[in-house]
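Top line first, the protein sequences correspond to chains A and B. According to my numbering, the first sequence is numbered sequentially starting from 1. According to my numbering, the second sequence is numbered sequentially starting from 1.
It is worth saying that the hints were derived from the structure and are not from the lab. Heads up, a few of these hints could be off.
Said to hold, decoys possible - Some chain B residues near chain A, calculated using beta-carbon distances under 7 Å:
(1) Ala38
(2) Gln41
(3) Gly42
(4) Phe105
(5) Pro107
(6) Thr112
These numbers were taken from a predicted model, which means no experiment stands behind them. Backbone N, C-alpha and C fix where the C-beta goes; we use that ideal spot for every residue, glycine too.
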Amino acid sequence: SQQGEEDPQALSIQEGENATMNCSYKTSINNLQWYRQNSGRGLVHLILIRSNEREKHSGRLRVTLDTSKKSSSLLITASRAADTASYFCACTGGFKTIFGAGTRLFVKA
Amino acid sequence: ETGVTQSPTHLIKTRGQQVTLRCSSQSGHNTVSWYQQALGQGPQFIFQYYREEENGRGNFPPRFSGLQFPNYSSELNVNALELDDSALYLCASSETELATDTQYFGPGTRLTVL
């Protein structure tokens with residue numbers, strides 16, 4: 001079974017709107033990372049948040065982590081058509097990184 | 001561009017055959033991890049190698065095996081292919097053996113088993 005569960009499974013928004021994706025996990029983690037994947041190609045690392053951090057920003061990305069609720073969220077502000085992709089959270093503990101099933105984001109121009 | 005390359009890009013095999021997929025990590029990255037991604041799913045961890053030794057494995061049978069070489073290249077071998085092995089296979093490299101390191105992914109090899 002997968003550690004991270006993303007919600008929603010799919011999201012369709014207009015260009016300029018914000019997109020929020022959520023991830024829940026089951027066991028303790030060292031850190032949580034978010035990746036983007038375009039159309040079945042390689043994954044691109046977006047941001048890493050450590051278990052002792054609560055919020056991180058990178059450009060138009062904002063990630064939060066709530067270890068008491070075992071959940072994280074990824075916010076993409078002012079979305080662009082180029083943000084259309086699948087987004088995955090990946091939970092890291094020990095030597096393993098376990099991915100969720102992903103959120104498919106479609107940004108309409 | 002992550003500096004991680006994989007070959008071949010696409011591959012078609014028949015059930016029962018064996019396949020070898022290759023990955024070239026970023027220079028200086030001592031860890032390589034392999035993942036299987038079925039259509040519409042997230043990547044599933046197969047195993048991880050650090051300095052040519054396997055140091056972590058997911059829920060995959062022994063017919064999935066690997067090798068890592070000193071020149072930052074690695075292989076994923078799958079014996080006795082099954083239809084369900086059809087997937088995108090991704091390798092990722094990182095500097096140390098710690099899973100807390102950022103992983104840099106290659107573009108993947110798409111394997112189709114007929």
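(message) Could you work out which of the previously given hints the structure breaks and list their numbers from low to high?
(response) Failing hints, ascending: 1, 6.
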